[in-house]
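Chains as they are written, first to last, in my numbering: chain A, -11 to 459; chain Y, -11 to 459.
Honestly, the hints are just simulated from the structure, not real lab data.
Warning: the hint list may mix true and false statements.
If several chains are the same, the list does not tell them apart, and a pair holds so long as it fits within one copy or across any two.
Unchecked claim - Computed cross-link-like contacts, DSBU-like style, restricted to lysine-lysine with a CA-CA straight-line distance of at most 35 Å:
#1 Lys424 - Lys177
#2 Lys96 - Lys258
#3 Lys335 - Lys117
On a predicted model such as this, the values are computed, not experimentally measured, just so you know.
Protein chains: 2
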Amino acid sequence: MNQHAQRLTGRPDAAIIEAVRTSIAARFGNRAVTSPAVREQHGSTLTWVENQPPDIVVYPASTDEVAWLVDLCAARLVPVIPFGTGTSFEGHVNAPFGGVTIDTAMMKRVIAVHAEDLSCVVEPGLTRKELNAHLRDQGVFFPIDPGADASLGGMASTRASGTNAVRYGTMKDNVLALTVVMPDARIVKTSRRAKKTAAGYDLTRLFIGAEGTLGVITEITLKLYGIPEAISGGVCPFPSVRQACDAVIATIQSGLPVARIELLDALQVKACNVYSKLSLPETPMLFVEFHGTEAGVREQSERFGEIAAEFEGGPFEWATSPEERNRLWQARHDVYWASFVLRPGAKAVPTDVCVPISRLADCVEETQRDIEATGLVAPIVGHVGDGNFHVGVLADPGDPREVAALEGFLERLVRRALAMDGTCTGEHGVGQYKMKYLLEEHPPATLDLMRQIKRAIDPKNIMNPGKMIAV
Amino acid sequence: MNQHAQRLTGRPDAAIIEAVRTSIAARFGNRAVTSPAVREQHGSTLTWVENQPPDIVVYPASTDEVAWLVDLCAARLVPVIPFGTGTSFEGHVNAPFGGVTIDTAMMKRVIAVHAEDLSCVVEPGLTRKELNAHLRDQGVFFPIDPGADASLGGMASTRASGTNAVRYGTMKDNVLALTVVMPDARIVKTSRRAKKTAAGYDLTRLFIGAEGTLGVITEITLKLYGIPEAISGGVCPFPSVRQACDAVIATIQSGLPVARIELLDALQVKACNVYSKLSLPETPMLFVEFHGTEAGVREQSERFGEIAAEFEGGPFEWATSPEERNRLWQARHDVYWASFVLRPGAKAVPTDVCVPISRLADCVEETQRDIEATGLVAPIVGHVGDGNFHVGVLADPGDPREVAALEGFLERLVRRALAMDGTCTGEHGVGQYKMKYLLEEHPPATLDLMRQIKRAIDPKNIMNPGKMIAV
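Excised from the complex, chain A in its bound form (with noise of 0.2 Å):
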């Protein structure tokens, strides 16, 4: 064989792809799909990254059915996609060459729950809202919510973390070990269950964030927490956004164990005000939310009040009842569908980036400044406990001076970002999209060793080829 015929390069022929649909259909029965509406359905979806729907779509149920299929594939170059619910904003789930989309839809068992250890083992298909009613009369919660009621598999694929993070940390810090099918077809076991070792090489956090360029996610075992006794929660108002900004620095500084710190800028609060029928001022706005004993969440709700207070901020106005934080943290939630109040009929172009949060302030300045000067409407909401934050830019996708406008704007953003030490993506990941700025990211050395790694583990190139760190 040539170099050439060992290493996927491009579209499969027909043919080939007629073969493995066959295979996959004796195998399968109606668990294989080839029907346009649901190969569709599996290309980009909450993105407006071009759609590219793969060749087949299939529903296995075990590991072992994963590695049978990534063994077919395997062999004859055929790209492999994983897919958990398709929440991502960055075309992760394409099929630029066509291929094999895995849907884990049937992978939802939970296998275990240690709740004395705090931790349990699921499968990838499994959601975070479906794992937490799972779990409910236990005692114990998974706290990483991004947001979407997104697949667990995804999640840890895409190094998700979202609201929670400033006080649990992301997936990376959330989950003790994974099984993976690799693009060989073997079966690997990242880890043991010990909350922590020191045995090896860290191969738990290689497949966290590689957005299934390396392997197919199969089982995951992932941290619990006990559910506070207490919660207390509210909103903030602040004359500015580098006021709000510089109250959460504070708050960090001071070590009060915050458990959400959201900021809604005052666009997004009137979307919010609108499509949540809440009544808050239209200013940016701190969501705050403290997880502990009843004693603990009032002293740390009072104290972020003084905070705030500091930097012009309040009344910070604040509850432990879970009606109230619920329709607020609700309202928060549905940012992404509030945004459309905004624009009706346009679509939503989410991005993200990070920075140290001593810069966030001026990066959110300056966004704000760019939003205007360019003419978008374009709503930003911010986990700024960890200096991240979203624009979620709405827009008319046919129209192409909008587009170009767009695309101007999201490259400014980026640059932005990186000119202070950020990244291109805290939380959404890289997909298509953010490719060209992982290159601006990071320098050629760094860049050359990610791709050594795609190598090593995927030399035949098919593991959700085109993503990434496309080699």
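Given the structure of chain A, go ahead and fit chain Y onto it with the hints provided.
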């Protein structure tokens, strides 16, 4: 060149070492040392593993000097052994094939402190105590505390953790970015300074715990934390190890944000009473510490006292005054030295395993029975909040019968932990001695993946060869 010539498979010829020595001496002058005393001091130090000194010890002062050294060694297939303070226990810094030890003792700069961002950038030879002394007047600190005043480069390389890990995580959780000289002398910066990122493979975590087998760490960006307003701490006796462990499980599961929770068995308490002039009851004992506000730590301490009482522990005597706390924690830190009072003249053989916390009491109790049956003198200390514990066997390595008994015990200890889904090392690392147990811990496909990574990144096998997962 044939395959053999491109890859280190044994000790280089004397002529090659001499040529390397001459080149290094020409550039480094008296920063290159070949005296037997210094070479031996750089072989295994705080370990009972046989000393295997390097040929040359060199003290570079910059990343570029390290890259120059690695380039020189790579061209001639000469081993490179990174060295911090030599406080590892498992023979990590031995030179089984000779070669060049890169001692980072002259790389101690604090390159930047970003107090607002709660991060700093340091060189690898800086120790954790030196860093905290530097930070003292800025209201921030670095929490990871493995006991020894280890270098931060060594701590990153072994994925160190220690007493604070239950609250602040391990080195894995507290490094934002690394600069690494790769085995081909290229310089890789793994990440930027944002607190989180989803931009590409997690190269940072790849080097943390790699034990110097993938490159030489030359700069580290660390997370920092605000110094807590108040700290409370104290000791709590229990009738049995099992009751102490059950109290720990209940504490963790209740969500009490304990900063440290350490178990000393009765024998270790006895040793500490003598060495540190304490008068603790000689029974299993938890050392506990809380970080927070004055009111917070008081509430947490009282709550812990209640939990302890449910398991027949107590009284929990705690204080917020630094003097008493410091005296107790100094005793905790001195357990290694204290243990010698139990058998003066013996060598200490410290080892560690980690299990899911629900199995901790089983594992410690079975280990105590094994110690008694084997006739060893071996106190136990545990970072029990993580399910991690240490056995410090006092032994005479000159007595073959004793060594045989010791090695049998160590093997049973590891197998006991593995049978409970634990790991052969929670924080000490693999080094030389635990290589055989790494092979027992992981299935063949997992070990193969580790070897694949080692071969892809260090194809010449010059980085700390003969350690961890030798290829």
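Structure-based check of all given hints:
In this homomeric assembly, Lys424 and Lys177 come within 35 Å of each other (Cα to Cα) both inside a single copy, at 32 Å, and across copies, at 19 Å. Proximity of Lys96 to Lys258 under the C-alpha cut-off of 35 Å is found in neither arrangement, the shortest distances being 38 Å within a copy and 51 Å between copies. In this assembly of identical chains, the alpha carbons of Lys335 and Lys117 lie at most 35 Å apart only when taken from the same copy (26 Å versus 53 Å across copies).
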